[in-house]
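Kindly produce the complete structure, drawing on both the sequences and the hints.
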Amino acid sequence: MELENGFSAHNSIPVSGYTCIGVVGIKDPVRPGVKESVAICRSAGITVRMVTGDNINTAKAIARECGILTDEGIAIEGPEFREKSQEELLELIPKIQVMARSSPLDKHTLVKQLRTTFNEVVAVTGDGTNDAPALHEADIGQALGIAGTEVAKESADVIILDDNFSTIVTVAKWGRSVYVNIQKFVQFQLTVNVVALIVNFSSACLTGTAPLTAVQLLWVNMIMDTLGALALATEPPNDDLMKRSPLGRKGNFISNVMWRNILGQSFYQLLVIWLLQTQGKSIFHLEGPDSDLILNTLIFNTFVFCQVFNEISSREMEEIDVFKGILRNYVFVGVLSCTVLFQNQDREVPGNILQAASVFSLPMVLA
0 MELENGFSAH NSIPVSGYTC IGVVGIKDPV RPGVKESVAI CRSAGITVRM
50 VTGDNINTAK AIARECGILT DEGIAIEGPE FREKSQEELL ELIPKIQVMA
100 RSSPLDKHTL VKQLRTTFNE VVAVTGDGTN DAPALHEADI GQALGIAGTE
150 VAKESADVII LDDNFSTIVT VAKWGRSVYV NIQKFVQFQL TVNVVALIVN
200 FSSACLTGTA PLTAVQLLWV NMIMDTLGAL ALATEPPNDD LMKRSPLGRK
250 GNFISNVMWR NILGQSFYQL LVIWLLQTQG KSIFHLEGPD SDLILNTLIF
300 NTFVFCQVFN EISSREMEEI DVFKGILRNY VFVGVLSCTV LFQNQDREVP
350 GNILQAASVF SLPMVLA
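Residue 7 in numbering that gives the first Met the number 0 sits at position 8 of the sequence shown, and the numbers go up by one each step.
If you are wondering where the hints come from, they were derived from the structure by calculation, not from laboratory data.
Be careful, since some hints might not be right.
Calculated lysine-lysine pairs in the BS3-like style (CA-CA distance at most 30 Å, straight line) [unchecked claim]:
id, residue 1, residue 2
1, Lys59, Lys152
2, Lys242, Lys94
3, Lys249, Lys59
Ranges of calculated distance between the beta carbons of each label pair, as one might list FRET restraints [claimed, not checked]:
id, residue 1, residue 2, range
4, Ile181, Ser84, 26 to 36 Å
5, Cys204, Asn255, 29 to 39 Å
6, Glu86, Val332, 51 to 61 Å
7, Glu318, Ile253, 24 to 34 Å
8, Glu86, Asp238, 22 to 32 Å
9, Leu104, Ile158, 47 to 57 Å
10, Leu196, Asn251, 37 to 47 Å
We treat Cβ as the ideally placed atom computed from N, Cα and C, and that holds for glycine.
Here you go:
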């Protein structure tokens, strides 16, 4: 076949006489929000590493653009990583931020070393079949729902439906929120149980009677366990959660702050109830046949309203201002209002089975 200007298909291609009219480049851009999400992870104490099968120069360029590769970190290739001894890996792995030209075994080895040797909690995100071993080995395997293969999805624990890295940050935030909310409820319940146990046990030993009856404790259990769990479990996550360091595998569930709050609240409540038990009649000039009933009602209502304010303080365990942002959680405010309303109506229970008199406002002041 003859070409224009007399050139034949069998002739050699000319090496000169060309004019450059443009340069075309292909780039796979980083998704919007990835760099910001990586920065949030760093502030939360989460180390982000890139492990890919791409060329190391490409991987380093993208990692720097995302903020993954820093001046303190290193980039390494899979073949070099495989040649390292165990002693060298102990020194190398904490510094690795990018691993290029990696095989499925390299990914699996890195995850296993982080989990077993360094005792880290590891989450792996992948979309290909070669990511399956690492996804299975990780504490949390996260497969991409759109671009991910079926093998990757089967090996993962979580499927990210929108394939967005920022979704992983949201997952971490909600996970921390659930953990903290459980801590709040445990702190709240331990305080309630410790105070109730000490009050009844000490009174039974010293006086032969318990100020809180079984029916009253059942009532407290109904309104505090159910409504308290509903109030504290509905606290939404906030940005401050991603400014804290992670606890790790060996972190104590009941922190020092929780012990401080539990002991402080318990001491105050026990002191108030003890004063009511020993000096209540003289302080409030209670006389007559109903004096014991009124005093026990004072103790019971004071105990309940102490738990209401204990619930408020449990909402912000580390903040001095426990009322900060309380109006933003309508469920919490509604549950507290219902608790106060139910307690106010306890005297209207048929037959007055709670054995309570018409005393309401004073215990709120004492609490």
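Results of checking the hints against the structure:
1. Lys59 / Lys152: Given pair Lys59, Lys152 holds - Cα atoms ~27 Å apart, limit 30 Å.
2. Lys242 / Lys94: 22 Å, holds
3. Lys249 / Lys59: Not satisfied, since the Cα-Cα distance of roughly 34 Å exceeds 30 Å.
4. Ile181 / Ser84: 26 to 36 Å: With a Cβ separation near 42 Å, Ile181 and Ser84 fall outside 26 to 36 Å, so the hint is violated.
5. Cys204 / Asn255: 29 to 39 Å: Once the Cβ atoms are compared, 31 Å apart, the range 29 to 39 Å for Asn255 and Cys204 holds.
6. Glu86 / Val332: 51 to 61 Å: Cβ of Glu86 to Cβ of Val332: about 58 Å, so the range 51 to 61 Å holds.
7. Glu318 / Ile253: 24 to 34 Å: Violated, at about 18 Å.
8. Glu86 / Asp238: 22 to 32 Å: 41 Å, violated
9. Leu104 / Ile158: 47 to 57 Å: For Ile158 against Leu104, whose Cβ atoms are near 24 Å apart, the range 47 to 57 Å is violated.
10. Leu196 / Asn251: 37 to 47 Å: Given about 23 Å between the Cβ atoms, the range is violated.
Checked against the numbered hints listed earlier, the structure breaks hints 3, 4, 7, 8, 9, 10; every other hint is satisfied.
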